[in-house]
Amino acid sequence: MPADGGIGASTKRREDVRFLTGLGNYTDDINIHNQAYVHFLRSDVAHGKLNRVDTRAAEKMPGVIRIFTSKDFEGVGGIPCGWQVTDRFGEPMQEPKHPVLAEGFVRHVGDPIAAVVAETLEQARDAAEAIEMDISELPAVIDMAAALEDGAPKVHEELSSNLCYDWGFVEENSAAVADAIANAAHVTTLELRNQRLVANPMEARVAIGDYNRATDEHTLYTTSQNPHVIRLLMGAFVLGIPEHKLHVISPDVGGGFGTKIFHYAEEAFCTFAAKAVNRPVKWAATRSEAFMSDGQGRDHVTKIELALDKDGHFLALRTDTLANMGAYLSTFAPSVPTWLHGTLMAGNYKTPLIYVNVKAVFTNTVPVDAYRGAGRPEASFQLERVIDKAARELGMDPIELRRKNFITEFPYETPVAVAYDTGDYNATMDKLIEMADFDGFEARREASAKKGKLRGLGVNCYIEACGIAPSNLVGQLGARAGLYESATVRVNATGSITVMTGSHSHGQGHETAFPQVIASMIGIDADQVDIVHGDTAKTPMGMGTYGSRSIAVGGSAMVRAAEKVISKAKKIAAHLMEASEGDIELKDGQFTVAGTDKSVAWGDVTLAAYVPHNYPLEDLEPGLEETAFYDPANFTYPSGAYACEVEVDPDTGKVEICSFHAADDFGNIINPMIVDGQVHGGIGQGIGQALLENCVYDSDGQLLSASFMDYAMPRADDLPFYDVDHSCQTPCTHNPLGVKGCGEAGAIGSPPAVVNAVVDALQRAGHDITHIDMPLSPARVWSAMQG
Amino acid sequence: MTQVSMTVNGESVSGDVEDRTLLVEFLRETLELTGTHVGCDTSQCGACVVHVDGKAVKSCTIFAAEAEGAEVQTIEGEAAPDGTLSTLQQAFQDNHGLQCGFCTPGMVMSAKALLAENPKPTEAEIRAYLSGNLCRCTGYHNIVKAIMAASGQDVSSIAAE
Ligand code: FES
Ligand code: FES
Numbered sequence: 023m024p025a026d027g028g029i030g031a032s033t034k035r036r037e038d039v040r041f042l043t044g045l046g047n048y049t050d051d052i053n054i055h056n057q058a059y060v061h062f063l064r065s066d067v068a069h070g071k072l073n074r075v076d077t078r079a080a081e082k083m084p085g086v087i088r089i090f091t092s093k094d095f096e097g098v099g100g101i102p103c104g105w106q107v108t109d110r111f112g113e114p115m116q117e118p119k120h121p122v123l124a125e126g127f128v129r130h131v132g133d134p135i136a137a138v139v140a141e142t143l144e145q146a147r148d149a150a151e152a153i154e155m156d157i158s159e160l161p162a163v164i165d166m167a168a169a170l171e172d173g174a175p176k177v178h179e180e181l182s183s184n185l186c187y188d189w190g191f192v193e194e195n196s197a198a199v200a201d202a203i204a205n206a207a208h209v210t211t212l213e214l215r216n217q218r219l220v221a222n223p224m225e226a227r228v229a230i231g232d233y234n235r236a237t238d239e240h241t242l243y244t245t246s247q248n249p250h251v252i253r254l255l256m257g258a259f260v261l262g263i264p265e266h267k268l269h270v271i272s273p274d275v276g277g278g279f280g281t282k283i284f285h286y287a288e289e290a291f292c293t294f295a296a297k298a299v300n301r302p303v304k305w306a307a308t309r310s311e312a313f314m315s316d317g318q319g320r321d322h323v324t325k326i327e328l329a330l331d332k333d334g335h336f337l338a339l340r341t342d343t344l345a346n347m348g349a350y351l352s353t354f355a356p357s358v359p360t361w362l363h364g365t366l367m368a369g370n371y372k373t374p375l376i377y378v379n380v381k382a383v384f385t386n387t388v389p390v391d392a393y394r395g396a397g398r399p400e401a402s403f404q405l406e407r408v409i410d411k412a413a414r415e416l417g418m419d420p421i422e423l424r425r426k427n428f429i430t431e432f433p434y435e436t437p438v439a440v441a442y443d444t445g446d447y448n449a450t451m452d453k454l455i456e457m458a459d460f461d462g463f464e465a466r467r468e469a470s471a472k473k474g475k476l477r478g479l480g481v482n483c484y485i486e487a488c489g490i491a492p493s494n495l496v497g498q499l500g501a502r503a504g505l506y507e508s509a510t511v512r513v514n515a516t517g518s519i520t521v522m523t524g525s526h527s528h529g530q531g532h533e534t535a536f537p538q539v540i541a542s543m544i545g546i547d548a549d550q551v552d553i554v555h556g557d558t559a560k561t562p563m564g565m566g567t568y569g570s571r572s573i574a575v576g577g578s579a580m581v582r583a584a585e586k587v588i589s590k591a592k593k594i595a596a597h598l599m600e601a602s603e604g605d606i607e608l609k610d611g612q613f614t615v616a617g618t619d620k621s622v623a624w625g626d627v628t629l630a631a632y633v634p635h636n637y638p639l640e641d642l643e644p645g646l647e648e649t650a651f652y653d654p655a656n657f658t659y660p661s662g663a664y665a666c667e668v669e670v671d672p673d674t675g676k677v678e679i680c681s682f683h684a685a686d687d688f689g690n691i692i693n694p695m696i697v698d699g700q701v702h703g704g705i706g707q708g709i710g711q712a713l714l715e716n717c718v719y720d721s722d723g724q725l726l727s728a729s730f731m732d733y734a735m736p737r738a739d740d741l742p743f744y745d746v747d748h749s750c751q752t753p754c755t756h757n758p759l760g761v762k763g764c765g766e767a768g769a770i771g772s773p774p775a776v777v778n779a780v781v782d783a784l785q786r787a788g789h790d791i792t793h794i795d796m797p798l799s800p801a802r803v804w805s806a807m808q809g
Numbered sequence: 111m112t113q114v115s116m117t118v119n120g121e122s123v124s125g126d127v128e129d130r131t132l133l134v135e136f137l138r139e140t141l142e143l144t145g146t147h148v149g150c151d152t153s154q155c156g157a158c159v160v161h162v163d164g165k166a167v168k169s170c171t172i173f174a175a176e177a178e179g180a181e182v183q184t185i186e187g188e189a190a191p192d193g194t195l196s197t198l199q200q201a202f203q204d205n206h207g208l209q210c211g212f213c214t215p216g217m218v219m220s221a222k223a224l225l226a227e228n229p230k231p232t233e234a235e236i237r238a239y240l241s242g243n244l245c246r247c248t249g250y251h252n253i254v255k256a257i258m259a260a261s262g263q264d265v266s267s268i269a270a271e
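Sequence order for the protein chains is A and C.
Numbering-wise (our numbering), the first sequence opens with residue 23 and increments by one.
Numbering-wise (our numbering), the second sequence opens with residue 111 and increments by one.
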């Protein structure tokens, strides 16, 4: 491990100091002089016709500045969707308007109807209660299958049905897959639900709009993972504000997990209202509001069929999925069950034929979009569960069945249109076996049995695709954005460096890890490098952080910009040492001339760039600052093997996690400590999904899990220590750092391990149970055991 | 409006509050001590934990007026006046016990109260004590580890089994 704080060092995080001392600057910590407060009046019914919204009495309430309804937004665009999926008949998806404030209808509990701007938050709330409304409640559709029935009530009157799209992938394979399944020696079938989740970053969303009449400039402070994306979507599609008049700042952000990617109505509202009332306008979500307005995650119902030959070779795979979109299309919602899910269905295995069908459905529920893993946890879960079931049906060892079907040669073109560049699935499995002491399982099982507990062991693999790219391909797939990243490397006169990145940290540790890369490239202390992010006025246009893309895409952009800087610095060094540029080497912060003892320090060269007295001015501009935009050639493909051991209490059905082991391959690693932390957090959320979390609506569309009292977040005493390892490293071949990304792996790989373990425990105890839907709550496990 | 006076991080402070003003609002809005966070509206996340007369309290669950005359400590009072981190804060940094940092002030204040009553807590005791503090980022592994380390326990073999 290098001592200099460069690549590979577990450097302690510099951002921690401000967070540990209360000096973080989160959006809700910001208050602007003369600020007014917003409270949204939200629908408490899931579906209704808005006959009348009368704000006259409320406007007379103390402190009220103005009350807004959809009438104030005539001529303003809807909240745009950033991805258009084409269905299997070549037609575009159905794409209803998503107004900033409800127009004529409310379509989910929490749909904003009116917004009160007042001197204080309490006054805004009090006034909202005085708004008179006449809503005719309409029948709500909550269940996806019911929503697709003929004659089902429509979420959007103007659409032909509740079907957003019917997607087939790869459509041409469908007949061959059906054939293979019909003729296979063995077919394993599983029906399952990947339940709806709420991301719940501990910081709820906040937006502050500010408007400067003198300059016609708008500023939005927002809890976003991608401020540039918000600026583009909101400026161009909703409010019609040109980018140079719109400044979006995402300061310290308290976690995102996907739900802070999307452009939200509240952001557009605060930006719009700040100009309308000519005051700064602040909105901070309560947790209850977050539950009914943050984009939710998952919510797939799937039937999966795996065809095998008599020796256990996978022949074909077919999946049928209903994917819930909620009431409106959130920013990237259509891409999640399609391109982020179908393309991963090959997993780690050489299944020659795959067909994925997804029907996306509108329901009267909160919109659904990306949540940590987005599509890939859904793919992994069904695949690894069906393989586990197949192994039991065939009487094969689940690890051997996997190994038999592993892809072992790279690059590998899957039948679902992606090409894995590198990987070594046997190596991570070998590592896992070493870590998890499978040989000792029987003894541990007996010890559990003595305590009256049923012990089980679950194993699975996963693959994920990070850093979704390249832009020209995703454009063909329907993305309405590019998926590059940017960085500006600004070298200061005395040699310190400021990197402006389009990537964004909301817990990932960019401020520590990114400088480690620069430190290694130049050979200076990482302390000499600072990272600026989260401000559209300071950073080049960039796409932000999601999909485990920061180091793979954002880090690569920074490397490209730093390479340009170094190339120019070498020209300056060559001039200073009167040598030829090709002979200049840079190491440990010193430029040397090959084969001589001449050298000049990094700081001397940087000073010469800004005080160009002795400088090749005829050939070279002064200054040392470069920008790069990096558009990856491919996704990256991290992979791994996970194992979980559980104890089930047969009297109560309660599942306890005894151990969790994770062997991951992330390619090269910049900061191992941060990578461990990312995996821990992902596993924590994955175990949360497997055992605890469930976002539930009743049949009328009332959200039953609307607070931390009803939505079971994993707590410290629900979770174990995790044993994680990332020593298996097959570097990515197409990015300059050879990195793959690690942010979502834990959340993708862990749910099947837990469920496989519980099923294993129950089967060993003689129960004929092949599946229980998540979350595996005591009630569900106990009921399953009763038959 | 009533006037309340208390000591916060060793300094006497006072301010006018409504009867319904929560302690956390008084700290964040009146005193501009924004290190104490609000993560929920049902008293379940612990992001708002401060010490009132030496006891860990969720500052969203008491009114400012109830802290009249009390000694309050927030995260801003935890490091030494010159900025040196306390042993507990340093252990959080050393063990990567935080990511986004939003739960962190509450975690540190809860952990401090735990260590005051139980200087060498076991893993299970730490997990049980922290059940009122939610963290969405870390999976708790490194938080528990940090608290064990701060109490002088050897954490080098954790999770190696
Ligand atoms: S803010 Fe969540 S417990 Fe106080
Ligand atoms: S560090 Fe983000 S919530 Fe705990």
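Hints are computed from structural coordinates only; laboratory data are not their basis.
Careful, some of the hints might be misleading.
If you anchor each label on the Cβ, the simulated ranges turn out as follows [as the list claims (entries may be wrong)]: (1) A:P114 with C:E235: 54 to 62 Å; (2) C:E176 with A:N56: 29 to 37 Å; (3) C:D129 with A:N300: 27 to 35 Å; (4) A:G788 with C:E235: 33 to 41 Å; (5) C:D129 with A:E154: 40 to 48 Å; (6) A:D720 with C:E142: 53 to 61 Å.
Listed below are several chain A residues computed to face chain C (Cβ distance under 8 Å; list not exhaustive) [said to hold, decoys possible]: (7) I54; (8) P223; (9) V275; (10) F428; (11) G529; (12) G545; (13) M731.
Where is the CB? At the ideal position from N, CA and C, for every residue including glycine.
Hints, one by one, checked against the model:
no.: 1; hint: A:P114 with C:E235: 54 to 62 Å; in the structure: 58 Å, holds
no.: 2; hint: C:E176 with A:N56: 29 to 37 Å; in the structure: 31 Å, holds
no.: 3; hint: C:D129 with A:N300: 27 to 35 Å; in the structure: 33 Å, holds
no.: 4; hint: A:G788 with C:E235: 33 to 41 Å; in the structure: 36 Å, holds
no.: 5; hint: C:D129 with A:E154: 40 to 48 Å; in the structure: 29 Å, violated
no.: 6; hint: A:D720 with C:E142: 53 to 61 Å; in the structure: 43 Å, violated
no.: 7; hint: I54; in the structure: 13 Å, violated
no.: 8; hint: P223; in the structure: 6 Å, holds
no.: 9; hint: V275; in the structure: 7 Å, holds
no.: 10; hint: F428; in the structure: 26 Å, violated
no.: 11; hint: G529; in the structure: 3 Å, holds
no.: 12; hint: G545; in the structure: 26 Å, violated
no.: 13; hint: M731; in the structure: 5 Å, holds
This entry does not satisfy hints 5, 6, 7, 10, 12, going by the numbered hints stated previously.
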